[in-house]
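Protein chains in written order, with full-length UniProt numbering: chain C, 1 to 520; chain R, 1 to 139.
Hints are supplied without guarantee of correctness; some may be wrong.
[As the list claims (entries may be wrong)] Non-contacting residues of chain R with respect to chain C, defined by C-beta distances greater than 10 Å in every case (computed):
id	residue
1	Thr28
2	Asp63
3	Gly101
[Unchecked claim] For the chain C half of the interface with chain R, some residues (derived, Cβ under 8 Å), not all of them:
id	residue
4	Glu143
5	Ile162
6	Val170
7	Val171
8	Asn433
Worth flagging that the hints you see were computed from the coordinates, not collected in a lab. Think of the CB as a built atom: it goes at the ideal place given N, C-alpha and C, for glycine as much as any other residue.
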Amino acid sequence: MSWLVPLPVLLPLLGAATALLFYRRPRLQRLITLTVLSAVLVIGVVLLIEVDTNGTLVMAVGGWPAPFGITLVVDRLPALMVSVSAAVLLAVLVFAVGQGLADESEGDSTPVSIYYPAYLVLGAGVFNAFIAGDLFNLYVGFEILLVASYVLITLGGTEPRIRAGTTYIVVSLLSSLLFLAAISMIYAATGTLNMAQLSERISGLPPELQTLLHVMLLIAFGIKAAVFPLSFWLPDSYPTAPAPVTAVFAGLLTKVGVYAIIRTETILFPSPELNNALLIVAFLTMVVGILGAIAQADIKRMLSFTLVSHIGYMVLGVGLGTAAGVAAAIFYTVHHIIVQTTLFLGAGLIERKGGSTSLSQLGGLMKASPVIAILFFIPALNLGGIPPFSGFLGKLGLLEASAEVATPLAYLLIGAAVVVSLLTLYPLARTWNLAFWRPRDEVENYESFLTESLRDDPWGGRIVQSRTVPPLMIGATAAMVGLGLLLTFFGGPIYEVATRAGADLQGTTAYITSVLGERP
Amino acid sequence: MTVSLALLVTMAVLYACGVYLLLEKSMTRVVIGFLLIGNATNILLLVVSGRAGDAPIMDGRSDPGDLSDPLPQALILTAIVITFAVSAFLLALVYRSWRLGNADSLSADPEDVAIRTRRAAEAETPDADEDDTEFGDRS
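Using the sequences plus the hints, can you model the full thing?
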């Protein structure tokens with residue numbers, strides 16, 4: 001079955017090349033993109049089932065055996081991430097097709113032909129980062145997805161997008177260079193970049209050197225994952241991109257950073273020396289992120305801040321350093337990919353229907369479109385962690401894992417996690433009250449304690465009266481909401497897979513044996 | 001491991017200049033700063049490959065101990081290609097930004113501007129609500 005391993009990278013790259021050839025025929029491009037992503041989704045699920053029953057799949061590219069060649073490794077965690085990412089990419093693609101993003105509606109300046117190829121290349125980068133078995137290939141995966149994301153975030157080349165894109169691009173470039181510098185230092189210290197071999201050799205290095213390399217990697221990944229205080233760029237740059245682009249960025253890109261942090265903490269540096277630092281950072285990320293969200297008047301900006309805040313939950317799970325903690329972090333990552341993407345798609349629907357994403361200009365959407373109201377309400381409750389949704393399951397797992405660790409810091413984090421999850425409900429409920437429940441004719445001169453902490457977006461445009469929303473956009477969002485509900489219904493089995501994935505990562509011997517073979 | 005001092009000094013100078021330029025407001029300087037840091041990182045990769053040696057071809061004539069380490073060189077090549085592509089994109093971005101705004105500098109974040117103007121406005125007109133003394137004029 002190991003011939004399936006490189007396909008999630010290979011198919012999107014070939015698809016992107018083919019789609020670029022047919023740049024004059026958007027329908028054909030769309031068909032190619034849909035086919036490729038569906039195929040990757042099927043491959044991801046097959047890989048997940050295969051890996052879960054028969055164990056890790058390893059593929060040596062070009063026939064050069066590990067540790068000399070490029071190794072692709074799929075154990076439970078990458079298989080799970082590939083499946084979920086492919087599903088999310090597919091749903092957002094359908095949404096984008098519905099919105100007509102690649103066709104005409106965004107204005108004449110949109111480079112029509114580049115959207116689908118860039119989107120596929122983004123997918124290839126994400127999948128490559130997940131299945132990379134050596135650090136340099138992880139770097140290449142990051143670069144592939146980043147370069148594609150540079151194109152997507154500046155799509156159309158309007159002034160606000162160029163401005164926001166520049167912040168994003170310069171910060172990402174810096175983190176990539178830091179990662180590359182860390183890679184060269186690690187190579188100098190150990191003489192290898194294969195993760196399995198690194199795992200064996202790093203433990204033999206002097207402790208100070210280990211800490212240095214560890215911190216360099218964590219800073220590089222922390223920027224990508226938007227962990228406080230390295231998260232400043234995210235709320236600046238995400239909201240100006242087109243709705244489907246923001247949705248897929250919010251769902252996937254930061255989670256690739258989280259995935260890299262999980263790998264760093266489990267395979268490369270399993271020693272618990274930096275765990276307390278990670279817990280403190282998780283605490284700050286959660287609290288500062290959610291306080292930022294409360295002050296935002298724009299729905300997309302508010303969602304970007306909740307995204308930062310909830311990255312803290314995943315870092316909390318990793319920072320605990322136990323199998324249960326990592327398992328909870330994995331489940332929470334899967335949940336958050338789905339629910340955050342759904343919320344951004346919901347914001348896209350609101351923008352389409354109400355003509356704005358500013359809370360001071362929206363109103364009466366409940367009456368105008370009950371379907372959108374429901375499609376926003378369910379993921380909002382899910383993100384806030386209301387039982388019985390998957391957000392509640394993930395948070396419960398994190399709290400249980402923290403309680404097992406039972407240090408004062410872990411108890412502090414339990415308190416913070418509960419308070420932050422309550423605070424998450426506040427901006428979401430306010431969005432609901434103002435945009436959906438408030439009657440349309442009360443929007444002018446509205447005064448309420450809810451709006452006291454809000455600042456208006458200086459670029460807030462005028463209101464375009466309700467436009468029709470294409471059924472494909474509604475359908476794609478509904479499918480994502482359905483996926484979130486499925487994650488709730490099948491919470492048990494998926495949590496078990498996450499638990500086994502966490503257990504895989506706990507002992508490094510299993511990973512080393514499957515990549516390098518039995519050692520005498 | 002022996003390290004070439006000349007390479008090390010070049011790398012340090014490139015890093016220093018690159019960081020300085022990256023912090024500038026002018027977009028063109030940011031691009032040049034990125035190029036310098038990118039090249040500094042490539043030299044770092046070269047430095048970690050150890051001392052210079054023969055071409056790493058296993059033809060039986062040269063002693064394997066004299067060969068230079070080929071892996072960092074392969075990594076540098078990949079990094080150069082990536083830096084090249086990204087700098088092409090950056091130049092296009094700078095050009096587009098110049099076409100739109102007719103300026104080479106990055107405008108401030110609108111949210112930051114909003115906070116700054118709000119603070120200035122608050123400083124000018126003291127808010128009546130902030131008078132929380134019991135004997136305020138709004139009894």
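Consistency of the hints with the structure:
{"no.": "1", "hint": "Thr28", "in the structure": "holds, 12 Å"}
{"no.": "2", "hint": "Asp63", "in the structure": "holds, 19 Å"}
{"no.": "3", "hint": "Gly101", "in the structure": "violated, 6 Å"}
{"no.": "4", "hint": "Glu143", "in the structure": "holds, 5 Å"}
{"no.": "5", "hint": "Ile162", "in the structure": "holds, 5 Å"}
{"no.": "6", "hint": "Val170", "in the structure": "holds, 6 Å"}
{"no.": "7", "hint": "Val171", "in the structure": "violated, 11 Å"}
{"no.": "8", "hint": "Asn433", "in the structure": "violated, 23 Å"}
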